[in-house]
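S.K.: Build out the structure end to end from the sequences listed, making use of the hints.
Protein sequences appear in the order of chains A and B. With our numbering as the guide, the letters of the first sequence map in order to residues 18 to 157. With our numbering as the guide, the letters of the second sequence map in order to residues 18 to 157.
Treat the hints as calculated values from the structure; they're not laboratory data. This structure is a prediction, so every number in the text was calculated from the model and none was measured. Treat the hints with caution; some may be incorrect.
[Said to hold, decoys possible] Using 20 Å as the maximum straight-line C-alpha spacing, the simulated PhoX-like pairs for lysine-lysine come out as follows: (1) Lys67/B with Lys129/B; (2) Lys21/B with Lys69/B; (3) Lys117/B with Lys69/B; (4) Lys131/A with Lys69/A; (5) Lys69/A with Lys21/A; (6) Lys121/A with Lys86/A; (7) Lys129/A with Lys121/B; (8) Lys36/B with Lys86/A; (9) Lys86/A with Lys69/B; (10) Lys129/A with Lys131/B; (11) Lys129/A with Lys75/B; (12) Lys86/B with Lys75/A; (13) Lys121/A with Lys21/B; (14) Lys117/B with Lys129/A; (15) Lys69/B with Lys36/B; (16) Lys129/A with Lys86/B; (17) Lys131/B with Lys131/A; (18) Lys36/B with Lys67/B; (19) Lys75/B with Lys131/A; (20) Lys129/B with Lys75/A.
[Said to hold, decoys possible] Per label pair, the in silico range of CB-to-CB distance: (21) Arg37/B with Lys121/A: 30 to 40 Å; (22) Asp139/A with Lys21/B: 41 to 51 Å; (23) Ser118/B with Lys150/A: 20 to 30 Å.
Idealized CB from N, CA, C, for every residue including glycine.
In case you want the letters, here they are:
Number of protein chains: 2
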Amino acid sequence: MSTKTYRIEEVSNITGLTKRAIRYYEDLNLISPQRTESSYRLYTDEDIEKIKRIVSLKESLAFSLAEIKQTLELDQEVENILSAEMAELATLNNYIEMIKSQIKLIGEKVDKLKATGERFEDLLSRLSCLEEKVRKEDVR
Amino acid sequence: MSTKTYRIEEVSNITGLTKRAIRYYEDLNLISPQRTESSYRLYTDEDIEKIKRIVSLKESLAFSLAEIKQTLELDQEVENILSAEMAELATLNNYIEMIKSQIKLIGEKVDKLKATGERFEDLLSRLSCLEEKVRKEDVR
DNA sequence: CTCTAGCTTAACATTAACGTCAAGGTTAAT
DNA sequence: ATTAACCTTGACGTTAATGTTAAGCTAGAG
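M.R.: This is the structure we're talking about:
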């Protein structure tokens, strides 16, 4: 068994979270790394996996109001262009790129959410199996 | 044209937002309802549609850290049950229901995100048409 | 006309999720 | 043994997105 452990800075680099955020998650009892005698936090690969799951769930956070505003504005601007049926080529291509990146972003969020959903689908089917089994034994 | 207007409380009931939130969105320039002479806010059906879009985008917000924690805990508890391969029927069915509701919730968020995505897909294809058209005219 | 319910702005409060010091202990290389 | 580069725990600051309270107009029912 690989018993390698990591200190917080390394974990920060691996997960993309700040050290502050990682400690904060510990305050919230999302994670509970071991400690050295001098109370340095030591993270295992398991801890890191858990943190990665947290990050994935967090990243599927969709929109702050500021982002919603931008989204609606982009929408509106494009609608204006479309109804005017004219614009410079450069402008058009600009907007096309912006919309493409929006679509990509949304797609990524959808994927992450779906991954979480599938995880639960899996748990559900396994639980259902167990339930059936237990039910039969109870009858017996 | 239906010129019906609504006062803020009505809008609150229709959209499920608090009056405070609705006013706050106005501060952020997400909406700009008309005003009566005595500066009462008057919302049109269009305003309400816009607010509904905002709500939809907001609801696709996936998880706060508190929710993430619950999600991970549920996951863990189910894993424990599964690995122990035993539990009372009532307990099992409880967890099955909890997981089902998680799955449903995630499905709803995915749907809302997808709706937003499709909206942009539509804009993109219309923009691309226009771009092509403009490009041809430019060449001419 | 009056009263109540609803509207307004303004201002301060709160919660989540961190950022940013500060003061001091630890580790490891030189 | 020293020093730089880590780590620790506070504690206070910040931003977004509201909640709450207050003080004072307004609209509509009776």
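S.K.: Please go over all the hints and tell whether each is borne out by the structure.
M.R.: Hints versus structure:
| no. | hint | verdict |
| --- | --- | --- |
| 1 | Lys67/B with Lys129/B | holds (15 Å) |
| 2 | Lys21/B with Lys69/B | holds (17 Å) |
| 3 | Lys117/B with Lys69/B | violated (27 Å) |
| 4 | Lys131/A with Lys69/A | holds (16 Å) |
| 5 | Lys69/A with Lys21/A | holds (17 Å) |
| 6 | Lys121/A with Lys86/A | holds (18 Å) |
| 7 | Lys129/A with Lys121/B | holds (15 Å) |
| 8 | Lys36/B with Lys86/A | holds (19 Å) |
| 9 | Lys86/A with Lys69/B | holds (13 Å) |
| 10 | Lys129/A with Lys131/B | holds (13 Å) |
| 11 | Lys129/A with Lys75/B | holds (17 Å) |
| 12 | Lys86/B with Lys75/A | holds (11 Å) |
| 13 | Lys121/A with Lys21/B | violated (38 Å) |
| 14 | Lys117/B with Lys129/A | holds (18 Å) |
| 15 | Lys69/B with Lys36/B | holds (14 Å) |
| 16 | Lys129/A with Lys86/B | holds (17 Å) |
| 17 | Lys131/B with Lys131/A | holds (11 Å) |
| 18 | Lys36/B with Lys67/B | holds (16 Å) |
| 19 | Lys75/B with Lys131/A | holds (18 Å) |
| 20 | Lys129/B with Lys75/A | holds (17 Å) |
| 21 | Arg37/B with Lys121/A: 30 to 40 Å | holds (35 Å) |
| 22 | Asp139/A with Lys21/B: 41 to 51 Å | holds (49 Å) |
| 23 | Ser118/B with Lys150/A: 20 to 30 Å | holds (23 Å) |
When held up to the earlier numbered hints, the structure conflicts with 3, 13 and fits the remainder.
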